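Protein chains in written order, with this note's numbering: chain V, 103 to 729; chain D, 66 to 750.
By construction, these hints were calculated from the structure, which means they are not laboratory data.
Watch out, some of these pointers could steer you wrong.
Quick list of simulated restraints, FRET-style, between CB atoms [claimed, not checked]:
hint	chain 1	residue 1	chain 2	residue 2	range
1	V	Glu676	D	Asp293	51 to 59 Å
2	D	Ala596	V	Pro414	32 to 40 Å
3	D	Lys428	V	Glu468	35 to 43 Å
4	D	Lys216	V	Phe254	56 to 64 Å
When the alpha-carbon atoms are kept at most 20 Å apart in a straight line, the in silico SDA-like pairs for lysine to any residue are as follows [what the hints assert, rightly or not]:
hint	chain 1	residue 1	chain 2	residue 2
5	V	Lys366	V	Phe692
6	V	Lys669	D	Asn112
7	D	Lys218	V	Glu312
8	V	Lys489	D	Lys184
Predicted model only: the values in this text are computed from it and were never measured.
From the three backbone atoms N, C-alpha and C, an ideal C-beta is built for every residue, glycine too.
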Amino acid sequence: MPARILETNSTPFGKVAVDPVTLDIIENALRNARVEMDATLFRTALSPGIREQGDAFPLIADRDGRMVVGQFGSFIDGFLKGYDGEIEEGDIILVNDPYSVEGAISHASDQLCIAPIFRDGRLVAWSAMFGHMTDVGGKVPGSLPTDAASIFEEGFRLPPVKLYRKGELQADIVRIAAHQSRMPEWFKADLHAIVASCRVAGRRVVEICERFGDDVFASALDELLARNHRAMAHLISTAIGEAPVSFEDYICDDGKGAGPFKIKCTMWREGGKVVLDFDGTDPQSDSSINFLLNENMFKMFFGIYMIMVFDPQILFNDGFYDLVDVRIPEGSLLKPKFPAALSCRTHALGRIFDVLGALLGQKTPEFLCAAGFSSSPHLMFSGFDGKGEWFQLFQIGFGGIPGRPFGDGADGHSLWPGFTNVPNEFLERYFPMVIERYESVADSGGAGRFRGGNGIHMTYKFTEAGTIAIHDDRWFVPPWGVNGGAPGARSWKRLDKANGESIALPSKCDGIQVDKGDLLHFVTWGGGGWGDPLEREVELVELEVSRGLVSADGAKRFGVVIDAAGKADAAATEALRAKIRAERGPLEVFDRGPSLETLRANCLAETGLPAPRPPVWRNAPLALAAE
Amino acid sequence: MAYRLGVDVGGTFTDLLLLNEATGDFWRHKTPSTPHDSSVGVMTGVNAVCEKAGVKPSDVDVFLHGTTVATNAVLEGKGARVGLVTTEGYHQVMQIARSLVPGGLAAWIIWPKPEPLAKLEDTVEIKGRIDAVGKEIRPLDEVDVRAQLTKLKGQGVEAVTIALMNAYLNGSHERRVAELAAEILPGVLVSLSHEVLPEMQEYERTLTTVANASVRPVVSKYVKNLRDKLRGLDMQGRIALLRSDGGLMSSEKSEEHPVSLLMSGPAGGVTGALWVARNSGLKNILTLDVGGTSTDVALIENGEPRRVRTTDVGHLTVRASSLDVKTVGAGGGSIAKVPELTRALRVGPESAGAAPGPAAYGKGGTAPTVTDANVVLGYLPEDLLGGAFKLDREAARTAVQTIADALGIDLYEAARGIIDIVNENMFGALRMISVQQGYDPRDFALMGFGGAGPLHVNAVAKLMGSWPAVSPVSPGVLCALGDATTRMRTETARSYSKRLSAATEAEVLGLFGEMDAQIRDTLKADGVTDAEIETRFEIDVRYHGQAFEVPMHVTLDSLKDGGLQRLAAAFDDEHRRLFTFNMDAEHELVNLRAVAMGKVQEIPSLEIEKGDGDPSRAKIRDHEVWADGGMKPAAIYDRSKLRAGDRVPGPAIITEMDSTTLVLPDCEALVDAYGVILINPAKES
């Protein structure tokens, strides 16, 4: 039974005409409110993941739960369908179980708060915010076990519960939840911060209603959604063809030695509607790399990508949802069945952006971006320091930004909106480590007229013994280049022990013991290149060699010969470029690098790690479909 | 006789204000700016204003100056070529920055990748390491340092920045590298991160120090040139520059620490507003400084402008104290447009600038701007006072008509829409500094200045509920007034980072004592006497583990006998006010800060002649303005003929040499004893 919303005022909202100026004012006011939600959260949260890195997502939705401002699209609809209870003024719902809310949040680490906004006894809007907590219990510090076989190993699960009931904090819920966490103080503070930020949005919405009237507000939201619908309908009809286009990419492995896992999506237009069908995606994994992908959320990803690629002027909201039909096979990697483990869904979440970019650009390759969104590298480091106090770090790293139609990808920057790195002086001050190296890796960005951004090489020297966990990907299947651009370099991790031993670490591992003095090299992937590398300006290649972003040897990938003095040799360059042109085949739209077979054959030699073994499927029909 | 001379160099005009300290008499002068060498315009102005007042330049004992020279050097990439020395493993600190791509999901697709302020090819790394408690874990390798500095020399760098890991805790390596740099690159200015910004976070500290080094030669050259020329006029008095935080510093100090000047320009407006407000008995003010391309807003509470620890210039955020001035791309020259796809009306941030300018200026501009909308609606009369400048109303109508056609509405509705949206954008900026910081805008008056502030101040005040809307005397020279009336200021900060349970009142008082002596010495060196110095102390407090602090004012007395516990309680109150909740986490004292200020200039404001409340002697002619869906009869008044106590009913337009004040229907303007216009909603009759 869906949620029942208790309103003391049953007057229906009047439909009124809203002039375009008032409409823009209301939209701006809502955007300001969203910015305020972020500011409140970052200023009051305690965990570095939220306060330093910004791993949190706000939204404001209309009374029907359609997102008007926000980032990841509305999931309130999914929550309302699944919540068998009453919702009243002053309630704030807390949930972290993805299966209870159709994947509105996709692993138990994300705590989602949803707050109805009432005025004069009527529901006028919703605000919501979710954030990634450093620890929610479960079998490993950080709550992202690479080998979990079910969600029961990944920390506590809260179905939607009332954290606030008619404005009253249900303190026992906070006590119970925080008690499960290895970092209870961070958990409590971050949760309060999320609630405070939802409340800020509530106050702002009520102020807007007071200023313009409830009917104007409700009608304005309808019109904002309709405006987006019109713009997107136009865009879809011009940018997406009726002939299906398809793209597939891979998650390298499942953390248990099997892989790669295919994500496949086919897109076509039927009349004014676009269909995105994940048929052909591999079945769910026995491990924790499954991603319970909420259809509405994927619609938003699609919409935002369309807008950014084709017309960044359009303001996005949920208005276009009925123009998009998302089909995800049950039991697949993207719609696993309960109780499949979900904690390490970050790789698939990143990878669907690569897939999306590839799909949208196929009809119009000039708008195509290369691969490199790919994943979200995590490092966990925990233990007891010299004073016997528990420490626990959860840190998000970044790879290289892909080559783009508008230019080079940035080196070591975040593809996730609003995310920042953690200052190394902060890490050194609050955790037992020295960061010996923090730089981007020369030549790791794929060659191209616009090169991919370089990945990052970060070297941690541990000054106390402890345990680490790593979550990363793109170590086996490289990030592809486009329009003649080359793939970016793959990621790698190595532990140089204080005793002289050197160990290649898998890109997904946990429970790795480290000793004082050990060095961890955490190296992320580079972005794929865009366009023919031989068309890159010679002076720019020379400049980047002098900057150490490209090596003299790496310059040859662009057909540029650098002499001993670091200058480009014009004659040799011309000759080399001519030679490459003569010898190479026609440029493909996608350059994925070597075939899977070749990657497998060379894996041990190239990565120091055995090749992943092909996954064994328990879901026969889906496995067949993915063949 | 003691005279103070305030000079503000803007993009178009250089404003000067000469003040007789004893009597409060002042003379103002406006002269075109000379962007190729702004001292030329300054000298012209100095001579002219001195002549007006009948004084000699040698009678001026303080020359006070707000300048955008540092800002422009950063924005236009005209700073020095900076060589950067970093710790081994960190030479890409500026390249990677904080890894942030501004904007939402997929914004990376269209984000223009910025070039670092210190070029990567001019960045070197050196061996040697300090750890996070300030201990040396590897000594400096001087052979390596020499080799790297020699490399920088070969690159032809014009300035050097040394920014090493954890130098905020131990600057010994930076100092030694500086000694070697002096040897290897003689005559090249060197900036050290632990001196410019002794704070944690390597990227922010490095960026701030690089920004300092980058603008240093430009500012230094500018200041020296100015000083030489002023001395050439026989002006022997002190020369002081306005800092971003609204205080003054000596021109010599500014040459060392020009990063403190990045918001010098806007700070002048705020300090000017402060002086006007003080005289008119207003304590809480929001300022609205509307220029051609942008609007600066700031908040003054209880006579104190809000300060923040960062300064935003272009896409860079440097760590230097500044007044909390927010800028939005909304000004008189902002262009209105209707994108085809959404059919929404957008205004700015693109601007017609000074050239070609709004269509109404008749300088070849055709794009519809905010100024054009103001002309169409009658808010800006065609013939500005004196007839020196005539606006082309027809051109304005033609331009705005394009918006009306695109939206399918009539000309006046389109013009009104443009004004409403630009007002809304200003409102948005004001909200960020008021409501978002926990302030209620209804407790504040709104002061409009700059070229177009008084045109918009009434409407924005109505949106905010901030009354009265204030139009100060000669709003165009308010910045120069601010320069002339502000006081010397210096501050110092120390990282303390102790939980409340580990801190003691005696230790904090001891540190504050040292800091007090240090900043007093700085001001004394700049000619302020000990008796004139006022000091203030602040402690940045947060719950342990939070990323942001709240600065709390303390006095040395209040810290005695359990003062830290009282501070914690006061912080809890402030946190609840800002964020609606408290935590049971322990309090942490993060930074200690001490501020020393010179004497407040008690310069009286001149009272104007008292009138009988009837403004009709100042009326120029009848007029009409657009309001509530139609043209309404209005009147135009000459501000110079208004007298104290005059009440001007809206709708009305009050003009003076360099600005126009719009009074809306159902509002009434009152001229106060000093000629300041205070607009309030008209009382029900």
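Okay, the hints, checked on the actual structure:
no. : hint                            : verdict
1   : Glu676/V - Asp293/D: 51 to 59 Å : holds, 54 Å
2   : Ala596/D - Pro414/V: 32 to 40 Å : violated, 60 Å
3   : Lys428/D - Glu468/V: 35 to 43 Å : holds, 38 Å
4   : Lys216/D - Phe254/V: 56 to 64 Å : holds, 58 Å
5   : Lys366/V - Phe692/V             : holds, 15 Å
6   : Lys669/V - Asn112/D             : violated, 54 Å
7   : Lys218/D - Glu312/V             : violated, 64 Å
8   : Lys489/V - Lys184/D             : violated, 43 Å
When each numbered hint is compared with the structure, violations occur for hints 2, 6, 7 and 8.
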